[in-house]
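As given, the protein sequences belong to chains Z and X, one line each in that order.
According to the working numbering, numbering within the first sequence proceeds without interruption in unit steps and concludes at 806.
According to the working numbering, numbering within the second sequence proceeds without interruption in unit steps and concludes at 1347.
Derived by calculation from the structure, the hints in this document are not laboratory data.
Please note: incorrect hints may appear among the correct ones.
[Unchecked claim] Here are the simulated lysine to aspartate or glutamate pairs, EDC-like style, with alpha carbons at most 20 Å apart: (1) X:Lys1275 to Z:Glu20; (2) Z:Lys423 to X:Asp1144; (3) Z:Lys554 to X:Asp1205; (4) Z:Lys728 to Z:Glu668; (5) X:Lys1108 to Z:Asp623; (6) Z:Lys701 to Z:Glu668; (7) Z:Lys9 to Z:Glu201; (8) Z:Lys514 to X:Asp1126; (9) Z:Lys554 to Z:Glu602; (10) Z:Lys24 to Z:Asp13; (11) Z:Lys154 to Z:Glu85; (12) Z:Lys499 to X:Asp1305; (13) Z:Lys154 to Z:Glu70; (14) X:Lys1200 to Z:Asp506; (15) Z:Lys610 to X:Asp1205; (16) Z:Lys499 to X:Glu1134; (17) X:Lys1200 to Z:Asp697; (18) X:Lys1010 to X:Glu1052; (19) X:Lys1189 to Z:Asp506; (20) X:Lys1281 to Z:Asp371; (21) Z:Lys309 to Z:Asp371; (22) X:Lys1110 to Z:Glu645; (23) X:Lys1200 to Z:Glu611; (24) Z:Lys65 to Z:Glu160; (25) X:Lys1029 to X:Glu1090; (26) Z:Lys361 to X:Asp1164; (27) Z:Lys701 to Z:Glu645; (28) X:Lys1171 to Z:Glu602.
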Amino acid sequence: MLVPLSWLKDYVDIDVTVDELEEKLFSCGFEVEEKYEAGHDISKVVVGLVKECEAIPDTHLHLCKVDAGEAGVLQICCGADNVKEGGKYPLALIGATVYATAKDHKTVEGVMTIGQGKLRGYDSYGMLCSGVEIGLTEDLYEGAGYNGLLELPKECKVGEDIKPLVGLDDWIFDIAITANRPDCQSIFGIAREVAAVLGSELHEPALDYTETEVKKEGFKVTVEAPDVCPRYIGHYVYDVKIEKSPAWMRRRLALIGQTPISNLVDITNYILHELGQPMHAFDYAYLEGDQINVRRAHSEEKIVTLDEKELTLNENNLVICDGVKPVALAGIMGGLNSEILDSTNEVLFEAAKFARDNIRKSSRALGKVSDSSARYSKGVDEYTTVMAMKRALHLVEELSCGKISATEVDVNTGNSIEPSLLKVSLDRVNSVLGITVPANDIVRILKGLNFDPEVSGDELTLKVPAYREDMESYQDVAEEVIRMYGYEHIIPAFMPTAKVTLGGFDLFQRTELKIKRALCAAGASEGVHYSFFSPASLDLIRLPIDAPQRKAIKILNPINEDLSLMRTTLAPQMIQAMQRNQKKGILSGRIFEVGNIFIPGELPLQNYPKELETVCIGCFGEDEDFYSVKGLTEVIADTLNIKFEYEAFENTFLHPYRAAKIICEGEEIGYLGQVRYEIIDELDMRVDSFVAQISLDKLKKYYDKQQTFIPLPKFNEEKRDLCFVMSKKITCGQVEKVIRNSCEYITGVELFDVYEGIQLGLDKRSMAFTVTYTPKEEELKAEVIDGFVGDLLEELKEKYNIVLRS
Amino acid sequence: MADLNELSEKLNGIRKEIKTELEKLESSKSVFEYKKTIFDSKTGKVGSLMREMGKIPNDMKAEYGKRVNEIKTWAQDLFDEMDEKFKAEEMRLRYESEQIDVTMPSIKPKHGYLHPNTLIRNQIVDIFGSMGFEIYEGSEIETDYYNFTALNTPDDHPARDMQDTFYLSDKFLLRTQTSAGQIHVMEAKQPPIKIISPGKVFRSDDDATHSPMFSQMEGLVVDKGITLCDLKGMLDVFVQKIFGEGTSTRLRPSYFPFTEPSVEVDVSCFQCQGKGCKLCKGTGWIEVLGAGVVNKKVLEGCGIDSDVYSGFAFGIGIERIAMLKYGINNIKHLFESDLRVLEQINE
Chain Z
1 MLVPLSWLKD YVDIDVTVDE LEEKLFSCGF EVEEKYEAGH DISKVVVGLV
51 KECEAIPDTH LHLCKVDAGE AGVLQICCGA DNVKEGGKYP LALIGATVYA
101 TAKDHKTVEG VMTIGQGKLR GYDSYGMLCS GVEIGLTEDL YEGAGYNGLL
151 ELPKECKVGE DIKPLVGLDD WIFDIAITAN RPDCQSIFGI AREVAAVLGS
201 ELHEPALDYT ETEVKKEGFK VTVEAPDVCP RYIGHYVYDV KIEKSPAWMR
251 RRLALIGQTP ISNLVDITNY ILHELGQPMH AFDYAYLEGD QINVRRAHSE
301 EKIVTLDEKE LTLNENNLVI CDGVKPVALA GIMGGLNSEI LDSTNEVLFE
351 AAKFARDNIR KSSRALGKVS DSSARYSKGV DEYTTVMAMK RALHLVEELS
401 CGKISATEVD VNTGNSIEPS LLKVSLDRVN SVLGITVPAN DIVRILKGLN
451 FDPEVSGDEL TLKVPAYRED MESYQDVAEE VIRMYGYEHI IPAFMPTAKV
501 TLGGFDLFQR TELKIKRALC AAGASEGVHY SFFSPASLDL IRLPIDAPQR
551 KAIKILNPIN EDLSLMRTTL APQMIQAMQR NQKKGILSGR IFEVGNIFIP
601 GELPLQNYPK ELETVCIGCF GEDEDFYSVK GLTEVIADTL NIKFEYEAFE
651 NTFLHPYRAA KIICEGEEIG YLGQVRYEII DELDMRVDSF VAQISLDKLK
701 KYYDKQQTFI PLPKFNEEKR DLCFVMSKKI TCGQVEKVIR NSCEYITGVE
751 LFDVYEGIQL GLDKRSMAFT VTYTPKEEEL KAEVIDGFVG DLLEELKEKY
801 NIVLRS
Chain X
1001 MADLNELSEK LNGIRKEIKT ELEKLESSKS VFEYKKTIFD SKTGKVGSLM
1051 REMGKIPNDM KAEYGKRVNE IKTWAQDLFD EMDEKFKAEE MRLRYESEQI
1101 DVTMPSIKPK HGYLHPNTLI RNQIVDIFGS MGFEIYEGSE IETDYYNFTA
1151 LNTPDDHPAR DMQDTFYLSD KFLLRTQTSA GQIHVMEAKQ PPIKIISPGK
1201 VFRSDDDATH SPMFSQMEGL VVDKGITLCD LKGMLDVFVQ KIFGEGTSTR
1251 LRPSYFPFTE PSVEVDVSCF QCQGKGCKLC KGTGWIEVLG AGVVNKKVLE
1301 GCGIDSDVYS GFAFGIGIER IAMLKYGINN IKHLFESDLR VLEQINE
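Just chain Z, same shape as in the assembly (with noise of 0.2 Å):
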């Protein structure tokens, strides 16, 4: 919220540095995110007065001697159509910073710095300047719209600072306000809770004025929807007179970037900013039927607004209507049909309390966001618009654009707007804090802030005002104290009445941390993806229409349609990863992901969705292959102690000869494969790249398996290579299997040539195993072992028509 500090010091007298207000306004809770001075951009530009003032022979150009105070009297040249001896213009000094203008003269385009200069022969020994050029339009200063020089006034004084004079020289405040606070959304607002920083005197804004006789017979308000307008007050203006509004005024609004418009808007414009009340004038002469009815519009009503757009409205949304029609969007925007014309002679003012959440919802509803709307949104309060109501008479009576009547309609079901009762134990508000503040500062602050504290023993009553909604309990009055005591008394402690608990990660914790440090030492990055993708994620991965990953939650509101779907495989953003990093030149790599997918139930969700925790890999280069990724998904099952059992399967992005299926105790937990060529072409992907995925949730119940010991063998083992021909139909798993049931000395199966050639046959290959016999309580002698493998080739040969290699 933007706060010029001269309309501040308005309600509060300031007797410190900017810096230092921003300080205080810092450590109470409103952080300055922006301050600037008016005039920032402008420097070394004083009062000049012209002395001598020649026309230069066939030129627009005037050559002039101007006084510049201490600086001299120095030749300029000007081309304004309005120098003239005597008369008083800002005057740049060489080196001064002033605004280049435009050929229009009044567009800024920038900030130039003034140098010496040469004009048809002239030397120039600085510039005379309009208003435009030092910052100023018509609105911030009367007569600084002028195309040509700035006239000021007579009795200023040559060689003064312009920007005092001029007012470059006030300073804005951005002050960020917290939505506990709404009654800050306001000028008057900020100076409250100055005054109680500060420690200095509030002033009011004045608030008198003075009804006529005049009434407006048989005009009445209907509030048909007190649930979300619980005050309405209308008061009926005439004889108004239609003009712009005094210099005072229209500089204000245009400090904060309001166009001042007429004397009778602006007064509305400058009360939502003074006070934080929205407030609305109504021609009165549009008003059919003597009447305003606060209600919920209908459905497919329609409504123009003063931007001149056309809204379809629904139940939702809040209408001021007249005997007839609605004429103004509860809140957000009046209607163009009763709008504040030149023409305009009678108006009714419009002051009320919409509940915060209906114009919000509306607000956003309808894509129409106001200055009103927002500060609605945030919650306005009944003493405010009271107080607006008068302010706004006040301010009628004082630019005597219109005659206050009589006829006020105030039609209320919302809360007093007498301070309520609040009390507290004193020590209570210590015991939030942990320190005790002397309770001569508490009811010093909490006067501070109009609470009129009183203290007996260890109560503390106070009368909360109206205004301040959010006052409810000890730790709220708690907070009031702290952040105006200060912060910095907070001494640390340590919890020194707390109970000792135990901490740290707990088993599935721990257990994940194992997985990814286990698979980060077998040279594979983490990487995080995010829990949304796209629902060409989808496609990317080829799944049917009917997949059960189709299924996924929808985000109905999403950013775009590439962040839109809650992911139900991790698969297509690891394929991505991989692609990204291919496309920036890193031709090997291993990365891998924990995260959720999410399975939803039904939908639209009725139940929490199963988040399931999965575990994604992605490898790619020239030195993977299906196997390298096999080891990583290995490197899982080792730290888990688990084994993996793999069986060749097919599905839609996987190479359909390079994939498998995982299996864990007869459990289907994932899968691992070679990304399939069409996708790898797709996506423009440089090399081989390998995804494995595998359900962390469905090993969970695998991590508390303990390691057992198994002591050293008593006795050598002894090994035998065995190398075996069979159908190239015949996986190395299942020969595996055969040979690692075949025997209960057997410690250990492993394979370590494989050979195909034309000499075993095309159909054939040889497989070589290294199978280890590990002896129990005796030695096992070379004739027992002899009849194990006896015993294994006759039942490869049997089932599978294996046999030895000759």
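Could you slot chain X onto chain Z? The hints should help.
Using the frame of chain Z, we list chain X on its own:
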């Protein structure tokens, strides 16, 4: 053997022969082989000497034995000496032939890196875990009730505007804050409660400095007599462990619906020690987390007696800490799995 002279002559002859032979040898292996022949107990010139003891007259036996032992020792020493000499030379040559350039690049075992978020998360868990905090991980998809209403942010509350929420249905949304976990914990157990709750959170914000997904770590303590001073004390320890011994905290007023009073916590800039630099935008302070005393309405909503118990809560942005600590200049880097980023930050 007739007499000692004859013996002496014979032994001298052997000595001479060994010396001459040894001079011809060129490697420790040939020395070894020659030694074997000389010391062979049947055929060796020295080795077989003892076999002749039987032929020696009794009165000479002692002397003979002594002389033979002498020559044995002499020969042994000589062979040792030669062997050592050759071995030394051979080693020298071997070393020389194996000369390398130590400045050539190393062969490092390739290892991977934990994500910066995981690193920071682990550090935070280490600190709070040692203070007795349990780790509670809530779900990413939450109900409106747990994310907002139970945290004193009813439907009409303006604070809802502070967070742009992704909705999944009337009732469900993507949690905007890990604070949602607070309520589950407080509903499930009575104080003492000390938890931290790390996790992903989501807000509809996607620009140069915002990511629609980021991570927070919520902390919550509820017990008897917990005050703002305890919050300050604990945060002081935390920031010193994370950012270094000299780091201090500054509390300043702020607003969160579920805490009262609420504070923003700044740490003294660990890069310039508070003097003012680019990192802290010249202020000497860096905003790192939000905190406050748990609002009694929140406690009461969870069935905890606010007359007996009080607590504090804090929320830390994990990426923010990671970016500050490691100097990562773009939050988007953390979600792109660019190995050039991931492989820079070691534990």
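Hint check results:
For the proposed pair Lys1275 of chain X and Glu20 of chain Z, the alpha carbon gap of about 19 Å is at most 20 Å, so the pair holds. For the suggested pair Lys423 of chain Z and Asp1144 of chain X, the alpha carbons sit about 33 Å apart, so the restraint of at most 20 Å is broken. Proposed proximity of Lys554 of chain Z and Asp1205 of chain X is supported: the alpha carbons are some 18 Å apart, at most 20 Å. Under the criterion of a C-alpha separation no larger than 20 Å, the hint pairing Lys728 of chain Z with Glu668 of chain Z is inconsistent with the structure, at around 25 Å.
Using a Cα cut-off of 20 Å, the hinted pair Lys1108 of chain X and Asp623 of chain Z holds, with the two alpha carbons roughly 16 Å apart. Note on Lys701 of chain Z and Glu668 of chain Z: the hinted pairing holds, with a Cα-Cα distance of about 14 Å set against a maximum of 20 Å. Annotation: proposed proximity of Lys9 of chain Z to Glu201 of chain Z holds, straight-line Cα distance about 11 Å (limit 20 Å). Taken as a hint, the Lys514 of chain Z and Asp1126 of chain X pair is honoured in the structure, with Cα atoms around 15 Å apart against an allowance of 20 Å.
Restraint check for Lys554 of chain Z and Glu602 of chain Z: the C-alpha separation of about 12 Å stays at or below 20 Å, so the hint holds. As the CA atoms of Lys24 of chain Z and Asp13 of chain Z are separated by approximately 14 Å, the hinted pair is consistent with the 20 Å bound. About 12 Å separates the Cα atoms of Lys154 of chain Z and Glu85 of chain Z, which keeps this hinted pair within 20 Å; it holds. Only pairs whose Cα atoms come within 20 Å are accepted, and Lys499 of chain Z paired with Asp1305 of chain X is accepted, the gap being roughly 17 Å.
For the suggested pair Lys154 of chain Z and Glu70 of chain Z, the alpha carbons sit about 19 Å apart, so the restraint of at most 20 Å is met. A threshold of 20 Å between alpha carbons decides the hint, and for Lys1200 of chain X with Asp506 of chain Z the separation of about 19 Å falls inside it, so the pair holds. Our distance criterion of 20 Å between C-alpha atoms is broken by Lys610 of chain Z and Asp1205 of chain X, whose separation comes to about 26 Å. For the hint pairing Lys499 of chain Z with Glu1134 of chain X, the CA-to-CA distance comes to about 14 Å; that is within 20 Å, so the pair holds.
Pair hint Lys1200 of chain X plus Asp697 of chain Z holds up; C-alpha atoms about 18 Å apart against a cutoff of 20 Å. At roughly 13 Å between alpha-carbon atoms, Lys1010 of chain X and Glu1052 of chain X fall within 20 Å of each other, so this suggested pair holds. Between Lys1189 of chain X and Asp506 of chain Z the CA atoms are separated by roughly 17 Å; this keeps the pair inside 20 Å, and the hint holds. Using a Cα cut-off of 20 Å, the hinted pair Lys1281 of chain X and Asp371 of chain Z is violated, with the two alpha carbons roughly 31 Å apart.
The hinted pair formed by Lys309 of chain Z and Asp371 of chain Z meets the criterion: a straight-line CA distance of about 17 Å does not exceed 20 Å. Our distance criterion of 20 Å between C-alpha atoms is broken by Lys1110 of chain X and Glu645 of chain Z, whose separation comes to about 27 Å. For the hint linking Lys1200 of chain X to Glu611 of chain Z, the alpha-carbon distance of about 13 Å falls within 20 Å, and the restraint holds. For the given pair, Lys65 of chain Z sits about 17 Å from Glu160 of chain Z by alpha-carbon distance, which is consistent with the 20 Å threshold.
Distance restraint check for Lys1029 of chain X and Glu1090 of chain X: the Cα-Cα separation of roughly 11 Å lies within the 20 Å cut-off, and the hinted pair is therefore satisfied. Between the alpha carbons of Lys361 of chain Z and Asp1164 of chain X the distance comes to roughly 13 Å, so the proposed pair stays at or under 20 Å and holds. With a C-alpha separation of about 17 Å, the suggested pairing of Lys701 of chain Z with Glu645 of chain Z holds against the 20 Å cut-off. Taking the CA atoms of Lys1171 of chain X and Glu602 of chain Z, the gap is near 13 Å; set against the 20 Å cutoff, the hint holds.
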